[in-house]
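Sequences and hints are given; from them, build the entire structure.
Residue numbers (my numbering), protein chains in the order written: chain A, 1 to 463; chain B, 1 to 463.
FYI, nobody ran anything at the bench for these hints, they're computed from the structure.
Hints may be right or wrong, so weigh each one.
Identical copies go unnamed one by one, so any copy, or any two together, can satisfy a pair.
[As the list claims (entries may be wrong)] Straight-line distance between alpha carbons at most 25 Å, and here's what the computed SDA-like set of lysine to any residue pairs gives:
id	residue 1	residue 2
1	K381	P24
2	K438	M399
3	K123	Y408
4	K438	E400
5	K438	S398
6	K123	D409
7	K438	H80
8	K225	R25
9	K438	G81
10	K123	M407
11	K381	D65
12	K292	A226
13	K254	G108
14	K254	G355
15	K438	D421
16	K438	H256
17	K438	P182
18	K292	H256
These numbers were taken from a predicted model, which means no experiment stands behind them.
2 protein chains.
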Amino acid sequence: MALRFLVVWAVAAALAAAAAPGQPRRVSLLLTNGIVITQDPSSRVIDRGAVAIDGRDIAAVDGADVIASAYSGAETIDVHGAVIMPGLINTHTHAPMVLFRGLADDLGLMEWLQQYIFPAEAKTVSPEFVRAGTRLAALEMIESGTTTYADMYYFEEEIARVTKAAGLRGVLGETIIRFPAPDARTPADSLARTARFAAEFANDDLITPAVAPHAMYTLDAATLKACRALADRLRIPALIHLAETEDEVNGSRKAHHATPAAYLESLGFWGPRTLAAHGVHLTPADIALLAKRGVGMSHNPESNMKLASGTAPVEAMRRAGIAVGLGTDGAASNNDLDMFEAMRQAAFLHKLASGDPRAIPAATAIRMATIDGARALGLAKAIGSLEPGKRADVIVVSMEAARQTPMYDPQSHLVYVTRGDDVTTTIVNGTVLMRDRKVLTLDRGAVIAEARAFAARVRDAVR
Amino acid sequence: MALRFLVVWAVAAALAAAAAPGQPRRVSLLLTNGIVITQDPSSRVIDRGAVAIDGRDIAAVDGADVIASAYSGAETIDVHGAVIMPGLINTHTHAPMVLFRGLADDLGLMEWLQQYIFPAEAKTVSPEFVRAGTRLAALEMIESGTTTYADMYYFEEEIARVTKAAGLRGVLGETIIRFPAPDARTPADSLARTARFAAEFANDDLITPAVAPHAMYTLDAATLKACRALADRLRIPALIHLAETEDEVNGSRKAHHATPAAYLESLGFWGPRTLAAHGVHLTPADIALLAKRGVGMSHNPESNMKLASGTAPVEAMRRAGIAVGLGTDGAASNNDLDMFEAMRQAAFLHKLASGDPRAIPAATAIRMATIDGARALGLAKAIGSLEPGKRADVIVVSMEAARQTPMYDPQSHLVYVTRGDDVTTTIVNGTVLMRDRKVLTLDRGAVIAEARAFAARVRDAVR
Chain A
1 MALRFLVVWA VAAALAAAAA PGQPRRVSLL LTNGIVITQD PSSRVIDRGA VAIDGRDIAA
61 VDGADVIASA YSGAETIDVH GAVIMPGLIN THTHAPMVLF RGLADDLGLM EWLQQYIFPA
121 EAKTVSPEFV RAGTRLAALE MIESGTTTYA DMYYFEEEIA RVTKAAGLRG VLGETIIRFP
181 APDARTPADS LARTARFAAE FANDDLITPA VAPHAMYTLD AATLKACRAL ADRLRIPALI
241 HLAETEDEVN GSRKAHHATP AAYLESLGFW GPRTLAAHGV HLTPADIALL AKRGVGMSHN
301 PESNMKLASG TAPVEAMRRA GIAVGLGTDG AASNNDLDMF EAMRQAAFLH KLASGDPRAI
361 PAATAIRMAT IDGARALGLA KAIGSLEPGK RADVIVVSME AARQTPMYDP QSHLVYVTRG
421 DDVTTTIVNG TVLMRDRKVL TLDRGAVIAE ARAFAARVRD AVR
Chain B
1 MALRFLVVWA VAAALAAAAA PGQPRRVSLL LTNGIVITQD PSSRVIDRGA VAIDGRDIAA
61 VDGADVIASA YSGAETIDVH GAVIMPGLIN THTHAPMVLF RGLADDLGLM EWLQQYIFPA
121 EAKTVSPEFV RAGTRLAALE MIESGTTTYA DMYYFEEEIA RVTKAAGLRG VLGETIIRFP
181 APDARTPADS LARTARFAAE FANDDLITPA VAPHAMYTLD AATLKACRAL ADRLRIPALI
241 HLAETEDEVN GSRKAHHATP AAYLESLGFW GPRTLAAHGV HLTPADIALL AKRGVGMSHN
301 PESNMKLASG TAPVEAMRRA GIAVGLGTDG AASNNDLDMF EAMRQAAFLH KLASGDPRAI
361 PAATAIRMAT IDGARALGLA KAIGSLEPGK RADVIVVSME AARQTPMYDP QSHLVYVTRG
421 DDVTTTIVNG TVLMRDRKVL TLDRGAVIAE ARAFAARVRD AVR
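Written out as structure tokens, the structure is:
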């Protein structure tokens, strides 16, 4: 898919280059007068820069004057000194769980799951519920600058339809789990649903279907192998939870005399375009193994802290060459989808854990939330940085708040004082989804009213 | 001071009670139709409640209908379902350091201090600088719902004047330190400045002057004793940094064969109305000692994480009966003054550190940011909860954002998904400082422009 786009872009670029000198090339959208944080291989930051967008692609990234002389936009947005950067990539969530946010906090994991989340899911999760939840999650993500997210939930084809309608990019996996699920009696049902879902969205611009076995401890060996086989056959990514808790590791050692990562290796599960979420309790051998297999990792610092799961060995994974992206996890365990908080928490957590204030500096946290997240999802050729030929997934972030004053270093501010609410404009695939804080692809009032109506049902379910 | 207020209130309340039945008592301001989180001794939450404010005091807190029948307001603010709660109390900051925020991050403490903060302070800190910084900090605090803050910096009388003009409440201490400071050549100079400052603001409604010895490792025994004597003589609080880093503890053990807390005890330093900031590295004996002496503690989770100082034994301190408030620390090491983030981080950090997701539940984090902070500062009779007779320090917090939808539990949302930007109205001492996000006591544009001008000087100073 990405390759085809690149060819299209190369042709377009060649045509543009052939335009007469002095005649600006007409493009669909210019963003100008911003601090451009490219996340390109040289980590270029342009103090007064601009981005030219043509259709779904980035046409050029350069100084504002250079762009002004070479391009004219059908539409131009002057960002007046705000930051222009790649859209944020949330590598792990369960979007519809926004409808359970704050339902029950500050509990032990088993109490939380068995008294609240499982009963609520059993009684409320339906296609309608999933659509309402995804609309709310999409609203929140667009409002907070997330342009791509990876998801694992139920009725994932419904999530995909809503995601596409909202204009977001998603790597979306139907959860496959041993227990009866709201949308499947057996894992075999879920595998069949995954195949249908993948067919519906084959070659889609925005939606990348994925195979999403829940975890090694909630599936048998045959199903885990079947998941890998389906991902290989359909050439789609695989998503799985890995080593989130000590209990998972202890259970795996007891049942299989192997860590979760090693057990999955014994099944031939690991391969590229595979994303493991959490990776809190990994051995050095696990890390070497995941690096060798080209597995991407989603680090979820807020969820790992709130659920007291532990501290993932992020620096060791990065040193081993693993692409480590950031995720929020579901809003039932965070409780929001704000990737700026994920960046801040990653920087804070690893300074504390290592005892070294130099750990995960701001620029690294931003890379994790953009290009490294794209690498972790196998999408680095298409997204994660502002470079000509990539998809135009771009956000504009205001730096006007009192708490952002003064500004010595925009990257410091993005991580240590900025929130999702500071995002003013969100663009995905060249389409403006939010402008001046107004979301254009969703009816905000209707989405919120619908979510509140479903919340009443959730309340009844756990009463 | 607080006692005098209580007498005034008691008289007013008696007069009100004597009013004819059925005739509503006229008060200056009503806040109505909110979820009232009182933080009173029974932790009452009123689903559709109201707060009656008369002059600088809270006249009544009750259901909206009860208040409507008993009070009429010269002004009424219908908050339409938002949260009404006590203003947040930031128990430790260095307000003017907002002008250094993001100047240098992700560095070792000594590099950060010696290459950036100390040179910048030496070349830029002046009365003008301190005024500009305090105005910016006050703007940020009012915008994020902080109504009282404890401060330690230089030219503290300037900080006090700006704080009073902005309408905020402050417990403000002139920093006393061994080295030449921007406003004093010697600790004796600083003690004299403290006495003058305390005289200027004696019996002030908003400003409580304090004695602020920097720390046990930056002052000799004679000065620490002189600080305690001055606080006793003037009957004002004392503020000090305590056991922030392992280095401080190791240095104290080497120099004094005692922990910092025990060394200060040997000098007779500890007493009530004394606030220690950080308390990261405390022994069980230190905790017992601080509890016995009635010392308050300021916990600064974000600063402790960002500077990799460590995890303070907050649960042990709370079990010992110490009043533990929350602080942001200066914006050079946080990098903002948002107390909602301090609450969230306290909840996250202690779950992680204890391995128990039940640690510091949301309601506890809110208590730490309100009534426990008031107790830590010796102000619990006047502020920290919404109760008749206390000062009217009240904030209104919107719950309308997508990330706050749906809402099952307002206290969960306040800690896990709310930010300072959600505060719509800030009231201190009965005066509305911000209404509908517009700050009324500061010229926002001028404050930000002035801060940016000083930032240029800071940039030059560290070049």
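Going through the hints against the structure:
For a Cα distance limit of 25 Å, the shortest separation of K381 from P24 qualifies neither inside one copy, at 27 Å, nor across copies, at 69 Å. Within a single copy, K438 and M399 get their C-alpha atoms as close as 18 Å, and across copies as close as 18 Å, so both meet the 25 Å cut-off. In this homomeric assembly, K123 and Y408 come within 25 Å of each other (Cα to Cα) only across copies, at 17 Å, whereas the closest approach inside a single copy is 51 Å. When the C-alpha separation of K438 and E400 is checked against a cutoff of 25 Å, the pair qualifies both within a copy, at 18 Å, and between copies, at 15 Å.
In the homo-oligomer, the alpha carbons of K438 and S398 lie at most 25 Å apart both inside one protomer (14 Å) and across protomers (18 Å), since each shortest distance falls under that limit. Taking CA atoms no more than 25 Å apart as the test, K123 paired with D409 passes between copies only; the shortest distance there is 20 Å, against 49 Å inside one copy. Taking CA atoms no more than 25 Å apart as the test, K438 paired with H80 passes in both settings, with 18 Å inside one copy and 22 Å between copies. Taking the shortest alpha-carbon separations for K225 and R25, neither the intra-copy value of 51 Å nor the inter-copy value of 75 Å comes in at or below 25 Å.
Taking identical chains as interchangeable, the C-alpha atoms of K438 and G81 lie at most 25 Å apart whether they share a chain (20 Å) or sit on different chains (23 Å). When the C-alpha separation of K123 and M407 is checked against a cutoff of 25 Å, the pair qualifies only between copies, where the shortest distance is 19 Å, while the shortest distance within a copy is 49 Å. Within a single copy, K381 and D65 get their C-alpha atoms no closer than 27 Å, and across copies no closer than 61 Å, so neither meets the 25 Å cut-off. When the C-alpha separation of K292 and A226 is checked against a cutoff of 25 Å, the pair qualifies only within one copy, where the shortest distance is 22 Å, while the shortest distance between copies is 64 Å.
In the homo-oligomer, the alpha carbons of K254 and G108 lie at most 25 Å apart inside one protomer (23 Å), although the nearest pairing across protomers, at 42 Å, exceeds that limit. For the homomeric pair K254 and G355, the shortest alpha-carbon distance between copies (22 Å) is at most 25 Å, but the shortest distance inside one copy (33 Å) is not. In this assembly of identical chains, the alpha carbons of K438 and D421 lie at most 25 Å apart whether taken from the same copy (12 Å) or from different copies (17 Å). Neither within a single protomer nor between protomers do K438 and H256 lie at most 25 Å apart by alpha-carbon distance, with minima of 52 Å and 61 Å respectively.
Taking the closest pair of Cα atoms, K438 and P182 never come within 25 Å of each other, the shortest separation being 34 Å inside a single copy and 47 Å across copies. Taking the shortest Cα distances, K292 and H256 sit within 25 Å of each other inside one copy (22 Å), while across copies they are farther apart (53 Å).
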